[in-house]
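Residue numbers (full-length UniProt numbering), protein chains in the order written: chain X, 1 to 281; chain G, 1 to 281; chain C, 1 to 281; chain B, 1 to 281; chain R, 1 to 281.
None of these hints come from the bench; they were simulated from the model. One or more hints might be untrue.
You can't tell identical chains apart in this list, so a pair holds if it fits in one copy or across any two.
Below, computed lysine to any residue pairings styled on SDA-like, alpha-carbon distance capped at 25 angstroms [stated by the list, open to error]:
1) 214 to 39
2) 214 to 270
3) 222 to 110
4) 3 to 109
5) 232 to 45
6) 242 to 17
7) 3 to 139
8) 222 to 75
9) 214 to 47
10) 242 to 158
11) 70 to 104
12) 242 to 205
13) 242 to 164
14) 222 to 35
15) 126 to 238
16) 222 to 31
17) 232 to 31
18) 70 to 35
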Amino acid sequence: MGKRVRLWRLLYSSGPRNGKLLVLPLDQGLEHGPTDFFPNPSALNTDYQFRLALEGNYSAIALGIGLAEKYMEDYAGAIPLILKLNGKTNIADDHEAVSPLFANVEDAVRLGADAVGYTLYVGSPKQHHEILQFQRVRQDCARFGMPLVMWAYPRGRAIDAKGGKGTLYAQDYAARVAEELGADIVKLHEPEDTNDACPEPYRSLHEPAPERLKRVVRSAGKVMVLFSGGEKNDDDEAVLRKVKLYLESGARGVMFGRNMWLRPFDQALALTRRVHELMGG
Amino acid sequence: MGKRVRLWRLLYSSGPRNGKLLVLPLDQGLEHGPTDFFPNPSALNTDYQFRLALEGNYSAIALGIGLAEKYMEDYAGAIPLILKLNGKTNIADDHEAVSPLFANVEDAVRLGADAVGYTLYVGSPKQHHEILQFQRVRQDCARFGMPLVMWAYPRGRAIDAKGGKGTLYAQDYAARVAEELGADIVKLHEPEDTNDACPEPYRSLHEPAPERLKRVVRSAGKVMVLFSGGEKNDDDEAVLRKVKLYLESGARGVMFGRNMWLRPFDQALALTRRVHELMGG
Amino acid sequence: MGKRVRLWRLLYSSGPRNGKLLVLPLDQGLEHGPTDFFPNPSALNTDYQFRLALEGNYSAIALGIGLAEKYMEDYAGAIPLILKLNGKTNIADDHEAVSPLFANVEDAVRLGADAVGYTLYVGSPKQHHEILQFQRVRQDCARFGMPLVMWAYPRGRAIDAKGGKGTLYAQDYAARVAEELGADIVKLHEPEDTNDACPEPYRSLHEPAPERLKRVVRSAGKVMVLFSGGEKNDDDEAVLRKVKLYLESGARGVMFGRNMWLRPFDQALALTRRVHELMGG
Amino acid sequence: MGKRVRLWRLLYSSGPRNGKLLVLPLDQGLEHGPTDFFPNPSALNTDYQFRLALEGNYSAIALGIGLAEKYMEDYAGAIPLILKLNGKTNIADDHEAVSPLFANVEDAVRLGADAVGYTLYVGSPKQHHEILQFQRVRQDCARFGMPLVMWAYPRGRAIDAKGGKGTLYAQDYAARVAEELGADIVKLHEPEDTNDACPEPYRSLHEPAPERLKRVVRSAGKVMVLFSGGEKNDDDEAVLRKVKLYLESGARGVMFGRNMWLRPFDQALALTRRVHELMGG
Amino acid sequence: MGKRVRLWRLLYSSGPRNGKLLVLPLDQGLEHGPTDFFPNPSALNTDYQFRLALEGNYSAIALGIGLAEKYMEDYAGAIPLILKLNGKTNIADDHEAVSPLFANVEDAVRLGADAVGYTLYVGSPKQHHEILQFQRVRQDCARFGMPLVMWAYPRGRAIDAKGGKGTLYAQDYAARVAEELGADIVKLHEPEDTNDACPEPYRSLHEPAPERLKRVVRSAGKVMVLFSGGEKNDDDEAVLRKVKLYLESGARGVMFGRNMWLRPFDQALALTRRVHELMGG
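Pulled out of the complex, with its shape left as it was, chain X reads as follows (with noise of 0.2 angstroms):
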């Protein structure tokens, strides 16, 4: 029942409410380190996205535990936490990536968020540590009627030796991971083009991106799909041809970070505008 409320805050009573999810994330300075905030610095102090969610009406911000913890006090109530609970940073490879937890569900629960967030390196050699792991946070989120979203990233030696992170075979087994798992939302990234190192059928398979967008939909079944924006795009053009791009292959929502906070204040307040007028909310 608890993950019904929730859900329904984040679906009808936030972002679009519309039923589609308009994400904003924060968790590349732990990933990635603060390199990421070099071409906006002032997004390094996390008074700015939260800004940008609440005027930009997203339907959530997702960050860890330390964000929540101290800033979010002058937002609390204002705008859905999807509070991500695993990372790492990127300073060694990703060979045998794993993501430790750094928060639980029950902080969750304590800051008052409406669902978890959790990197699964799907494919990874140590893919046994990870998937042990999301089976304690799946099963405290039954206990406490939180959504779950899966930040489903292939990742690691094996998945690089089969094409890597980026093709469709690597998206598409993602999404059926999530499903079978037991997300109940996912965070995936447009498949590319190449498959040349893809094991079949997938190496004979060549579709056009609309295609490989909704095969991978399809994948995540009841799961409901979030693209990722990946790296900055400063062209607004071509940002809004993607969330118009997967919206249209059936993915619930977009989850757009850098191409948004690495903007200034102003022009990430109106691209977001933008973005919500093709998400009809």
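With chain X fixed as given, assemble chains G, C, B and R onto it according to the hints.
Frame of chain X, contents of chains G, C, B and R only:
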């Protein structure tokens, strides 16, 4: 007591209802990725398998927590559930295969399942972990009265060096492991013909298929054996010959997934009915 | 107190009833696979061993949870059970041998066992894990008053480099380990004659078999020693000479599996009776 | 609430009493061995540091459980304690550095500490373990209202390959990690000048020391930054220039160990007083 | 409070009764195998050591759970017990030495022990595990009021590369580790003379034996130091000179095993009495 109640439901109040078992498994999306669904894309939607299990009068459907929670609502009560508790992707290789839990026996109880499924990678260099994890599942099963179905799969570098996972040596050993570790039902594969790289006495053993199957069934002792259908075979008659052979070997039933749900729905249903005839239900 | 009650049952109310122990072990199916049963296929059915233990008046039968739960019903109370708690297959090599728990002391209590059995791979590079796991078993035994039988097996790359698992050095060390770690009863093997690769003073030690056995028994201190029968020997007289030798060395008894249950039932029973005569029960 | 009480004690009822922090750390005996005490053997007796902290009016003394339990009795209440929870020797190398807990938050509560200290080896190939262990400490801190000081130390093979632990890249990343993982206070080192082996944009960045320090403080966000004094510098004026520089960069204070307690007591006290003047307490 | 009671018993109501400690250790059978008993086979029977400890009026006997449970019955109350909690065989090498727990503090309480003993392999590449495990023991000791004796043993590949376990560098570091981690009593070895491979300043340090011993005692701070006797020395006078030297260095006592119990009983008793004279009890 609970175990007897649940086993009775599987054996005598669904499926053939004569003590034989006809199980429809669906864990291939996690284990192999969406690849397996290419021959029949409609099977990507788990409603397909639930409908087939229901209309085809299967003894049970076997799948994981994500699919169970999302699709079972419309079929709850109408078709017994074997909740598969562990699994992994096949992106990384199987040299040191382990299969992490992504659900537990309490989840099965909560969902009203009539059994749980556990994959044990027999003989893996990490068998240590596999067996320890199995122990906890088995003890939870004892506590909750939950029947335990073991997917007894020889796997890893060591079995490869001794002839591979499909040999009589491998399958025969797996059958005994299931009995000694405390499974109620075991899923095995039909042993292959080749045994050149197996340890003695298997290397010198040359038995026809029916004898090989009987040997494996004998090694499983009081554990009920289900043979797997393996990859899809387009020839209905061949599939039926297999079922007949398995039943004549003393197996309690079959667990056929891709050989069923990769057929168009009506063909799958028709084939299922012919299997029922063989099973005498 | 519970421990004394259970030990009394093993020593004085079953088997020879004079403080000596005659134990029938059956863990070979897990440890070696069905291979071991080829000389006597009827022994694959665990009823064989239960009947032999009962009619042959053994002190106890030693086997794992799967066999105990499935076959003991008809013999419960009539023959004491030593529940073997850990084990593994021999598919992967033993360079870093570990033996995972597949049952625990609570299972033994639930099944009415009179002792538990634990295999410790003495000197394995992973002895760390082995000893930690043993500690938990020993503490549960203290809590439940359960006698603890240690299968003290030197194993792994390090003992191989020091002459191997069968040397006097290895068996003598294993005996002392059993005493220091807190076993009540220890199962050991008769030490071999060769010691060329052993550390001093063993390398320079040349003792006849009776002296070697006495040495090992002495090193076990107050722990009761059972010697193992090892592989099958077709010569009844040779088997009996072994038993006599072991008893004269100060051992409390013998644990003979394949040398018993690989014989046709009547021969096994007849041999057992001659062993009883030697044991003076 | 407890956290505010304790932080208030550290910031306003001891040390400079103006919100600035002057902390005396003593974990070098464990981290580096007695080596560090050779220049001033009297510092081997922890009474030395307690007396210095008391007479020098430090905000707190930071040390581990062994020293706290043995020496604090005479100073309890007079000087706040930051209980250092983890540590290791430097005998083995730091390629895959991890810092095990040797005390926990409950110990801190029992001893009346006003904060706990935790070393996180940022970017270590074993960061996985580091972060998981940190999570449990952070959650205990939340439960007990205990402020958390992170020693955010880039360490290990991976950071060495990217320029080393002392670069701006490393220190800047460490600052952000402290904020995202949920520290209250972070101990950092002054970033070095060289960045040739760092990833971009750091490699191309050439900022003077004050700018580098300000950048790091900015990346720590709302986390209070303490800069470390590092190895002993015999020149008092140089030490004071450092303190001044750090405070001007926005740091909340300094944590100077060897630069204080490796001086003769009277000199250490005199230098401490001059630091107080700079801190305006 | 319990800790004070128990320490008082060790220091003032047994052994020399003047605050000095004379401890008889017996863990060599596990640590080195029966090898150590060859010079005096009667010492294989633990009654030997208990009688020696009792008649020789030792402060305590130190041994593991197996020996304590089997032999202490006849001596309970008459001689204080230091229950050794962890240990291992020396069959595998010590490159990454770890010493697993085979008993815990609750066992010590149950057996009426007056202290527990814990071996910490200082500087082992697996020190991480060692320290974490030690933490749990220390916390249990705090909970139960149990004194904690650390066998602080430098060990492993890393210390070997820095001169070995017997150097002043190694022993001095071990002494400090014992103090910082929270031991009450530490067992150390007399530091050797050679330091060519040690890090500075030890490499350049050339101190006579008494100075080296005093240095180590000083580094242990408030932790009471016991020096080990090491291997057997047949020369009684040499043994006594050692004891005198150790006591003059500030040590609280000695822990001499093989130098006592490898002598014939009467000789061992006579030597013990001469040690008592030196200790002034």
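Hints, one by one, checked against the model:
1. Taking identical chains as interchangeable, the C-alpha atoms of residue 214 and residue 39 lie at most 25 angstroms apart only when they sit on different chains, with a minimum of 17 angstroms there against 33 angstroms within one chain.
2. Proximity of residue 214 to residue 270 under the C-alpha cut-off of 25 angstroms is found in neither arrangement, the shortest distances being 28 angstroms within a copy and 31 angstroms between copies.
3. In the homo-oligomer, the alpha carbons of residue 222 and residue 110 lie at most 25 angstroms apart only across protomers (21 angstroms), although the nearest pairing inside one protomer, at 29 angstroms, exceeds that limit.
4. In this homomeric assembly, residue 3 and residue 109 come within 25 angstroms of each other (Cα to Cα) both inside a single copy, at 12 angstroms, and across copies, at 20 angstroms.
5. Within a single copy, residue 232 and residue 45 get their C-alpha atoms as close as 18 angstroms, which meets the 25 angstroms cut-off; across copies the closest is 35 angstroms, which misses it.
6. Taking the closest pair of Cα atoms, residue 242 and residue 17 come within 25 angstroms of each other only inside a single copy of the chain (21 angstroms); across copies the shortest separation is 54 angstroms, beyond that limit.
7. Proximity of residue 3 and residue 139 under a CA criterion of 25 angstroms is satisfied in both settings, with 13 angstroms inside one chain copy and 24 angstroms between copies.
8. In the homo-oligomer, the alpha carbons of residue 222 and residue 75 lie at most 25 angstroms apart only across protomers (16 angstroms), although the nearest pairing inside one protomer, at 32 angstroms, exceeds that limit.
9. In this assembly of identical chains, the alpha carbons of residue 214 and residue 47 lie at most 25 angstroms apart only when taken from different copies (19 angstroms versus 36 angstroms within one copy).
10. With identical chains, the CA atoms of residue 242 and residue 158 are never at most 25 angstroms apart, being 29 angstroms at best within one copy and 35 angstroms at best between copies.
11. Taking identical chains as interchangeable, the C-alpha atoms of residue 70 and residue 104 lie at most 25 angstroms apart whether they share a chain (17 angstroms) or sit on different chains (24 angstroms).
12. In the homo-oligomer, the alpha carbons of residue 242 and residue 205 lie at most 25 angstroms apart inside one protomer (22 angstroms), although the nearest pairing across protomers, at 33 angstroms, exceeds that limit.
13. Taking the shortest Cα distances, residue 242 and residue 164 sit within 25 angstroms of each other inside one copy (22 angstroms), while across copies they are farther apart (39 angstroms).
14. Taking the shortest alpha-carbon separations for residue 222 and residue 35, only the inter-copy value of 18 angstroms comes in at or below 25 angstroms, while the best intra-copy value is 36 angstroms.
15. Taking the shortest alpha-carbon separations for residue 126 and residue 238, neither the intra-copy value of 36 angstroms nor the inter-copy value of 40 angstroms comes in at or below 25 angstroms.
16. Taking CA atoms no more than 25 angstroms apart as the test, residue 222 paired with residue 31 passes between copies only; the shortest distance there is 19 angstroms, against 29 angstroms inside one copy.
17. Only within a single protomer do residue 232 and residue 31 lie at most 25 angstroms apart by alpha-carbon distance; the minimum there is 16 angstroms, versus 35 angstroms between protomers.
18. When the C-alpha separation of residue 70 and residue 35 is checked against a cutoff of 25 angstroms, the pair qualifies only within one copy, where the shortest distance is 21 angstroms, while the shortest distance between copies is 40 angstroms.
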